[in-house]
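**Student:** Chains as they are written, first to last, in this note's numbering: chain Z, 14 to 403; chain D, 14 to 403.
Worth double-checking, as some hints may not be accurate.
Note: identical chains are not told apart, hence a pair may lie in one copy or across any two.
Derived pair list, reagent style BS3-like, types lysine-lysine, alpha-carbon separation capped at 25 Å [what the hints assert, rightly or not]:
(1) Lys278 / Lys55
(2) Lys238 / Lys283
(3) Lys265 / Lys316
(4) Lys241 / Lys321
(5) Lys289 / Lys55
(6) Lys55 / Lys367
(7) Lys289 / Lys265
(8) Lys279 / Lys265
(9) Lys194 / Lys403
(10) Lys279 / Lys33
(11) Lys55 / Lys166
(12) Lys402 / Lys316
(13) Lys367 / Lys51
(14) Lys55 / Lys265
(15) Lys377 / Lys289
(16) Lys367 / Lys274
(17) Lys289 / Lys241
(18) Lys55 / Lys283
(19) Lys403 / Lys321
(20) Lys370 / Lys316
(21) Lys279 / Lys55
(22) Lys377 / Lys194
No lab work stands behind these hints, which were simulated from the structure alone.
Just so you know, these numbers come straight off a predicted model, no measurement behind them.
Protein chains: 2
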Amino acid sequence: MRSVSIIGFGCTQFAEHWCKSFRQLIAEAGIEAMMNAKIEGKAIEALYGGSMASGRFVGQEHIGALIADQLGLTPIPATRVENACASGGTALRTGYMAIKSGEHDVVAVGGIEKMTDVGTDQAAIALGGAGDQETELFHGASFPALYALMARKHMEEFGTTEEQMAQVAVKNHHNAMFNPKAQFHREITVQDVMESGYVASPLKLLDCAPITDGAAAVILCETEKARKICEQPIEIIAAEQASDSLSLAGRKSLTETMAAKVAAKKAFEKTGLTAKDIDFAEVHDCFTIAEIFAIEALGFCEKGQGGKFTEQGKTALDGEIPINTSGGLKGKGHPVGATGIAQAVELCLQLQGKAEKRQIKDAKIGLAHNVGGSGATCTIHIFRALEGKK
Amino acid sequence: MRSVSIIGFGCTQFAEHWCKSFRQLIAEAGIEAMMNAKIEGKAIEALYGGSMASGRFVGQEHIGALIADQLGLTPIPATRVENACASGGTALRTGYMAIKSGEHDVVAVGGIEKMTDVGTDQAAIALGGAGDQETELFHGASFPALYALMARKHMEEFGTTEEQMAQVAVKNHHNAMFNPKAQFHREITVQDVMESGYVASPLKLLDCAPITDGAAAVILCETEKARKICEQPIEIIAAEQASDSLSLAGRKSLTETMAAKVAAKKAFEKTGLTAKDIDFAEVHDCFTIAEIFAIEALGFCEKGQGGKFTEQGKTALDGEIPINTSGGLKGKGHPVGATGIAQAVELCLQLQGKAEKRQIKDAKIGLAHNVGGSGATCTIHIFRALEGKK
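Given only the sequences and the hints, what does the whole structure look like? Please build it.
**Tutor:** Next up, the structure:
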């Protein structure tokens with residue numbers, strides 16, 4: 014069975030890019046990834062681009078061909094993949110399968126979202142399309158409202174507090190201080206979060222990931238070949254994905270993200286690993302409560318204990334299982350289609366020992382958890398560092 | 014190397030479905046495909062859904078999970094694939110690679126577009142997102158205008174006439190008479206086309222494929238398994254895809270669709286076949302001139318001769334190479350994301366000898382040509398009939 018590794022990666026500054034276009038962001042991330050991989054464009058045989066709502070954010074569908082064109086890669090097969098905020102993670106898994114299929118040896122995978130070309134109202138409606146527009150958005154349930162329902166239920170069932178959720182934001186803003194590409198470089202306190210205005214009770218402004226522009230890219234390569242051309246290939250040892258009811262109303266439980274649990278279970282089964290073998294993880298903290306759901310679904314702590322686990326500092330940079338060393342969606346920013354690929358970039362930096370001031374000691378195995386909507390899609394990837402060419 | 018076959022297929026009526034929702038169309042096509050394959054939902058391991066602009070047509074992104082949910086298939090991996098009007102063909106190739114990769118044995122692939130929930134002006138803007146919105150749509154160049162430029166250049170270079178283009182529409186409306194699922198059941202004449210109003214000169218109303226609602230689905234299976242469970246499996250012997258500049262301004266030629274040529278060349282090389290070995294083809298006639306471009310790119314006739322070739326009846330049901338036996342996009346209808354899958358359904362019907370009054374004699378090998386935008390994406394699939402279980 015063929016194996017797949019990452020041989021290069023790139024990521025733009027995450028920010029509100031008022032002066033950079035959709036095409037410019039693609040060029041920056043794509044060229045950085047190719048330079049990092051030390052390959053030329055002609056080596057790339059296919060590309061997959063994740064973007065959630067390019068149609069509604071920048072009026073442009075058909076961005077597979079746009080990316081190929083912009084990077085001078087035509088006539089290679091170029092495809093857009095969309096699974097809401099899990100578009101990046103899904104594109105990564107699709108590129109991984111393209112290499113496993115034997116159809117291609119070197120594949121570029123990118124993620125992009127340019128969200129600030131529309132107003133906040135339009136952005137909220139576009140993002141609401143990640144949930145069920147008929148039974149949720151149409152009735153006013155935009156994304157903060159959906160996660161607020163999930164948070165309220167978690168508080169009721171397990172005694173999770175608003176202060177515990179705030180700790181997620183405090184930690185991720187702290188981690189983002191050490192990530193030059195993060196959108197925010199500002200420490201915040203629990204008090205800051207508690208005093209920020211309610212968006213949808215119990216979620217306050219500082220519980221919510223921001224609106225962000227950005228792009229990220231990785232270059233995938235069949236592993237035997239990767240070992241010959243790359244000094245520090247990062248092997249993708251699991252790429253799993255699962256689905257759940259699009260609407261919250263269709264879920265069996267409001268305090269469990271089944272798609273994440275199913276995908277994680279498969280990833281652990283395939284690799285023979287358990288949660289204890291993971292050295293660090295990037296998880297989908299679109300809202301602070303989402304990180305608590307994530308660490309429970311992944312088995313880093315007991316169900317219902319995510320709030321306490323966070324409060325105890327176990328997910329900090331120097332904790333038992335560092336979570337979102339990059340700053341996460343909250344601190345680094347959340348250009349929705351790019352997020353899954355940006356998580357992969359952080360895993361590569363950590364596993365290559367290049368994460369500078371946020372570097373985890375002896376990082377050998379990392380996990381990425383990327384969620385679409387309120388949990389209807391989840392992708393789980395596990396990476397490990399390989400020995401490459403000398 | 015693993016091989017992939019189709020074991021079942023389904024397609025809704027193509028029409029303006031004022032009384033059916035996006036979800037209903039998915040259910041109809043998906044259930045028909047599963048019943049045709051004689052499998053239950055639990056046999057399906059993953060799904061890929063092609064849709065061009067569900068966000069702008071029905072306010073819904075994240076339709077992978079929606080489809081899985083609607084068909085009772087959660088928690089399988091479910092992914093939306095988008096490449097404008099080639100979304101269906103691209104989804105088919107993505108599903109094909111998922112089986113080739115060894116990750117899955119049985120995969121459902123669908124295509125859907127519900128286009129009539131918005132007005133024609135909004136539809137034109139959404140469809141314009143298949144071209145370059147910065148250099149084309151923003152300046153008023155909607156899709157008929159882009160194909161009109163290509164048509165005008167073909168007329169100038171090769172002497173192609175408006176009457177020859179009209180012949181494409183006349184033939185495809187004729188073929189659609191024998192397809193109960195087609196949107197139009199009305200014969201038209203060259204005079205009808207010539208007397209219809211100009212949309213973008215030289216293209217008239219009856220040169221243009223309609224706005225359509227519809228969905229189609231196929232069930233893919235690893236071929237060894239397919240032979241055991243299916244009486245008439247249809248093997249996908251080539252699945253190729255290529256890209257070109259998104260905007261017409263970036264193309265080397267206005268009278269040649271390079272993505273189609275590149276993908277077709279690869280498909281012929283991989284199978285050892287030539288255009289002469291193809292018994293019939295479904296091609297992307299979003300405008301009549303597009304069918305002329307297609308038959309030239311595929312090598313069914315000489316470059317520049319597509320108009321004459323059509324006029325001579327060589328692409329008719331009883332011609333040298335029957336093109337668009339289903340009625341094509343012009344006669345059958347063009348729900349953009351569904352079109353590539355509907356083409357696959359027609360190939361299956363013909364290869365299984367079930368195309369009734371439009372059946373081609375001794376149809377052994379069929380080809381599908383699905384285009385995104387004004388040619389920036391093209392997928393080419395070649396199918397052949399296999400012996401299955403007795």
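**Student:** None of the hints should be skipped; say for each whether it holds.
**Tutor:** Status of the hints after comparison with the structure:
no. : hint            : in the structure
1   : Lys278 / Lys55  : between (38 Å within a copy, 19 Å between copies)
2   : Lys238 / Lys283 : both (23 Å within a copy, 23 Å between copies)
3   : Lys265 / Lys316 : within (15 Å within a copy, 59 Å between copies)
4   : Lys241 / Lys321 : neither (46 Å within a copy, 54 Å between copies)
5   : Lys289 / Lys55  : neither (41 Å within a copy, 32 Å between copies)
6   : Lys55 / Lys367  : neither (27 Å within a copy, 44 Å between copies)
7   : Lys289 / Lys265 : neither (27 Å within a copy, 56 Å between copies)
8   : Lys279 / Lys265 : within (20 Å within a copy, 47 Å between copies)
9   : Lys194 / Lys403 : neither (29 Å within a copy, 62 Å between copies)
10  : Lys279 / Lys33  : neither (40 Å within a copy, 37 Å between copies)
11  : Lys55 / Lys166  : neither (52 Å within a copy, 31 Å between copies)
12  : Lys402 / Lys316 : neither (43 Å within a copy, 49 Å between copies)
13  : Lys367 / Lys51  : within (17 Å within a copy, 53 Å between copies)
14  : Lys55 / Lys265  : between (48 Å within a copy, 19 Å between copies)
15  : Lys377 / Lys289 : within (12 Å within a copy, 55 Å between copies)
16  : Lys367 / Lys274 : neither (30 Å within a copy, 44 Å between copies)
17  : Lys289 / Lys241 : neither (31 Å within a copy, 43 Å between copies)
18  : Lys55 / Lys283  : between (33 Å within a copy, 21 Å between copies)
19  : Lys403 / Lys321 : neither (45 Å within a copy, 62 Å between copies)
20  : Lys370 / Lys316 : neither (32 Å within a copy, 61 Å between copies)
21  : Lys279 / Lys55  : between (35 Å within a copy, 17 Å between copies)
22  : Lys377 / Lys194 : within (23 Å within a copy, 56 Å between copies)
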